[in-house]
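Knowing the structure of chain A, use the given hints to seat chain B on it.
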Amino acid sequence: MNAEARYQKRSILLLLYIAFALLPIYWMVNMSFKTNEEILSSFSLLPQHFTWDNYKVIFTDESWYSGYINSLIYVAINTVISVTVALPAAYAFSRYSFLGDKHIFFWLLTNRMTPPAVFLLPFFQLYTTVGLMDTHIAVAMAHLLFNVPLAVWILEGFMSGIPREIDETAYIDGYTFPRFFLTIFVPLIKAGVGVAAFFCFMFSWVELLLARTLTSVNAKPIVATMTRTVSASGMDWAVLAAAGTLTIVPGAIVIWFVRHYIAKGFAMGRV
Amino acid sequence: MSTTTKPVNQKAWLLILPVLLCVAFSAILPLMTVVNYSVQDIISPERRVFVGTEWFASVMRDEDLHAALWNQLRFSLAVLAVEIPLGIALALAMPAQGWKASATLVIVALSLLIPWNVVGTIWQIFGRADIGLMGAALAGLGIEYSYTGDATQAWLTVLLMDVWHWTPLVALLCYAGLRSIPDAYYQAARIDGASKFAVFRYIQLPKMRGVLMIAVLLRFMDSFMIYTEPFVLTGGGPGNATTFLSQYLTQKAVGQFDLGPAAAFSLIYFLIILLFCFVLYNWMQRVGTADKEGVE
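Protein sequence lines, in the order shown, are assigned to chains A and B.
In terms of this note's numbering, the first sequence opens at residue 1 and continues consecutively.
In terms of this note's numbering, the second sequence opens at residue 1 and continues consecutively.
Only chain A is shown next, with the shape it has when bound in the complex (with noise of 0.2 Å):
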């Protein structure tokens, strides 16, 4: 197979795939513009009696909206905590051997394999003891159980496929392990620091039984918002169609905002 042919069939299986992926987005966009009767009434691709009122209701009513901004500071908050704490974290995994370090690796990961449903109680517990319910900085907190593993995990990930040579080179130059870390070693993982910075935000962005445990009124976060649609009188299905739409727009953002750090990757020409 020449090089042509075999291009041409890896765009196919990509095309194939975004058409996949785009399908249940556009149909939920597709309700999003409809009323609940035309959707539960008939099928159409397009909605026959556009409308802008499941929109309107969320950004006029301020509960609808500030779920989305109590999402963002939480998310924000756990998003910058946790690749903070897990860089120099991974590199200590990656580099060194010390005293239970395979053991405490896999021991973080671990947390993640808990279900939530039964956390639930104690952690209401725990942070009500602290005073932090219903706090942006208790959801932050609690997201860090499962954000930090992942983001050590990930970032050591791509410190291990750095070799160890660079470190040496940077020492014997005269670097201080700071700023090795910052200006040399750092950029050359940009790609493992987008996609832990991006896989935790969509976790913490997408969880719902923590967030809508630990808050109330005050941070509380679209997902819990959005359990409203489900009430005795039916489904509202067009709201929550709209709602949806509008979550994948900060994150979509932060992607667009991290594609080059993923994309580019590792860049030799630097050192």
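Do not rely on the hints blindly, as some may be mistaken.
Unchecked claim - Once the Cα atoms are required to be at most 30 Å apart in a straight line, the calculated DSBU-like pairs of lysine-lysine come out as:
(1) B/LYS11 x B/LYS196
(2) A/LYS102 x B/LYS100
(3) B/LYS207 x A/LYS9
To be verified - With the C-beta cut set under 10 Å, the calculated list includes, among others, these residues of chain A facing chain B:
(4) ILE39
(5) ALA86
(6) PRO88
(7) THR114
(8) PHE201
(9) MET226
(10) ALA243
These aren't lab readings, by the way, just hints derived from the structure by calculation.
For glycine and all other residues, C-beta sits at the position ideal for the given N, C-alpha and C.
Only chain B this time, still in chain A's reference frame:
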């Protein structure tokens, strides 16, 4: 974590200290509470009776649990079998630079960003034969499709939804891993006249090992704890076709308010995931190390 010899340096502890503090605060106290619940009969917050391992024994004997566990295992293995190869193939197919790379990155990541309850809701409509795109398309092809009526189709729909939702995670990790391979490796391979497959097998795959390991473990443990999406889509039915472990657990913890048995159950649940992840992790470590020795 690579197994090659690294210099011993106990000061590295200082570098991991912030991580330990962050995680321990959120992990250890709640875990202790759960262990505490699992050995008590909690009649009310004031009245508690120590029951020892009784809850553990009764959970282990539970027939429904065995069914849910089996269902869960089949599902998680199917998830890995589809999403890992598809994710790798996607990562290889995604353009490396230019606006196309940016556009594909954003599009591929979209499904990850939708809250899980919305994912279930969208697929609920999406799959309906009368008003949903997929349901209507399948009906148009003459396939009698109903995710609420047919057990196999319900199971496959949940799997398809998971593939749609989570393959991007594997793809993005692998893509970033591929992008961090220095050009020098490819140039050396070109000089040696290595085939496309050889480049994949001896350069790309070993270099992706770290991220691939994370992808496999993450997908395994997250699919093992899948709850919101199938719950919203099918409610566990028809019958028990899509009742997975965590749904069964939540029924116990929230529905019946049996805190003791639910805590015992979740500890067993945790140990099962831990066991599988440990086996997977060690196996992938060994394969990776054998690879390295083979090449060098």
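Do the hints match the structure? See the list:
1. B/LYS11 x B/LYS196: Violated, because 44 Å separates the two Cα atoms, which is more than 30 Å.
2. A/LYS102 x B/LYS100: violated (40 Å)
3. B/LYS207 x A/LYS9: holds (24 Å)
4. ILE39: Given a least distance of 7 Å, the restraint on A/ILE39 holds.
5. ALA86: This interface hint holds because 6 Å falls under the 10 Å limit.
6. PRO88: holds (4 Å)
7. THR114: holds (5 Å)
8. PHE201: At about 9 Å, which falls below the 10 Å cut-off, the nearest Cβ of chain B leaves the hint on A/PHE201 intact, so it holds.
9. MET226: This interface hint holds because 7 Å falls under the 10 Å limit.
10. ALA243: For A/ALA243, the interface hint holds, since the closest Cβ of chain B sits about 7 Å away, which is under 10 Å.
Consistency with the previously given hints fails for numbers 1, 2, ordered from lowest to highest.
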